[in-house]
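Enquirer: Sequence:
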Amino acid sequence: MAAAHVLHVGDPSAHRAQVLRVAGYEVDECETLPSLAAWFLQGRDTDLVCISEELDRAAEGVLALTRNYSSAPIVLFRAGNGTYLQRGWDLEVPPFTPPERWLDDLAQLLALTRANIAASQALQQQSRQLREEAQRARAASEQLRATIRSQREK
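Note that my numbering gives residue 97 to position 95 of the sequence shown, counting from 1, and the numbers run on in steps of one.
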């Protein structure tokens, strides 16, 4: 399986993008909201978005933009203990959490996401097959009704 792609957004000072690369992830970085918007407007997608919160700036704009353009799970690396009106992320990493712990949490989140995607795709395939079977049954029913009408008219 190919390495998971991670988009890291925000403060680079904690070197999380580098830690992710060393752990085997393919990583793109956007430090600002405009660069994030440009990244998504290029039609790109990712397996996971990591947002490094900044002490002096809440991440609501980044969260909203990310949710607007991507269905990838979001990990919020907290810089402080501020509150948000809405919870828009899938995993929250408290300040000073050791990399080995959050890397394990990320791997579990990615595994769960991939399992959910696989299950969803299987259900979509099953749904397609059932729709095709129903369409064939409707066509056979129409043909049978036409045959019965024809026999009654004789």
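Note that these hints are calculated values from the structure, not bench results. There could be a bad hint or two in this list.
Cβ pair distances, simulated, as ranges [to be verified]:
id: 1; residue 1: Leu43; residue 2: Pro100; range: 34 to 44 Å
id: 2; residue 1: Leu146; residue 2: Asp106; range: 58 to 68 Å
id: 3; residue 1: Ala139; residue 2: Tyr86; range: 22 to 32 Å
id: 4; residue 1: Leu146; residue 2: Glu62; range: 57 to 67 Å
id: 5; residue 1: Ser122; residue 2: Glu56; range: 33 to 43 Å
In silico SDA-like cross-links for lysine to any residue, where the CA-CA straight-line distance does not exceed 25 Å [claimed, not checked]:
id: 6; residue 1: Lys156; residue 2: Ala141
id: 7; residue 1: Lys156; residue 2: Gln137
id: 8; residue 1: Lys156; residue 2: Gln145
id: 9; residue 1: Lys156; residue 2: Arg133
id: 10; residue 1: Lys156; residue 2: Ser143
id: 11; residue 1: Lys156; residue 2: Leu146
We put the beta carbon where it would ideally sit given N, CA and C, even for glycine.
Enquirer: Lying within 34 to 44 Å: is that true of the beta-carbon distance Leu43 to Pro100?
Expert: holds, 35 Å
Enquirer: Is it true that the CA of Lys156 sits at most 25 Å from the CA of Gln145?
Expert: Holds. Lys156 to Gln145 sits at ~17 Å (cutoff 25 Å).
Enquirer: If you draw a straight line from the CA of Lys156 to the CA of Gln137, is it 25 Å or shorter?
Expert: violated, 29 Å
Enquirer: Assess, step by step, whether the Cα of Lys156 is no farther than 25 Å from the Cα of Leu146, and give holds or violated.
Expert: Holds - the C-alpha atoms of Leu146 and Lys156 are around 16 Å apart, at most 25 Å.
Enquirer: Using the C-beta atoms of Leu146 and Glu62, is the stated range 57 to 67 Å upheld?
Expert: holds, 60 Å
Enquirer: Taking the beta carbons of Ala139 and Tyr86, is their distance inside 22 to 32 Å?
Expert: violated, 51 Å
Enquirer: Would the hint linking Lys156 and Arg133 be met if the CA-CA limit is 25 Å?
Expert: violated, 35 Å
Enquirer: Does the alpha-carbon distance linking Lys156 and Ala141 stay inside the 25 Å limit?
Expert: OK: Lys156 and Ala141 at ~23 Å, within 25 Å.
Enquirer: Indicate whether the distance between the beta carbons of Ser122 and Glu56 respects the range 33 to 43 Å.
Expert: holds, 34 Å
Enquirer: Okay, Leu146 versus Asp106 on CB: inside 58 to 68 Å?
Expert: holds, 60 Å
Enquirer: Given the hinted pair Lys156 and Ser143, is their alpha-carbon gap at most 25 Å?
Expert: It holds: about 20 Å lies between the C-alpha atoms, which stays within 25 Å.
In this structure, the hints that do not hold are numbers 3, 7, 9, in rising order.
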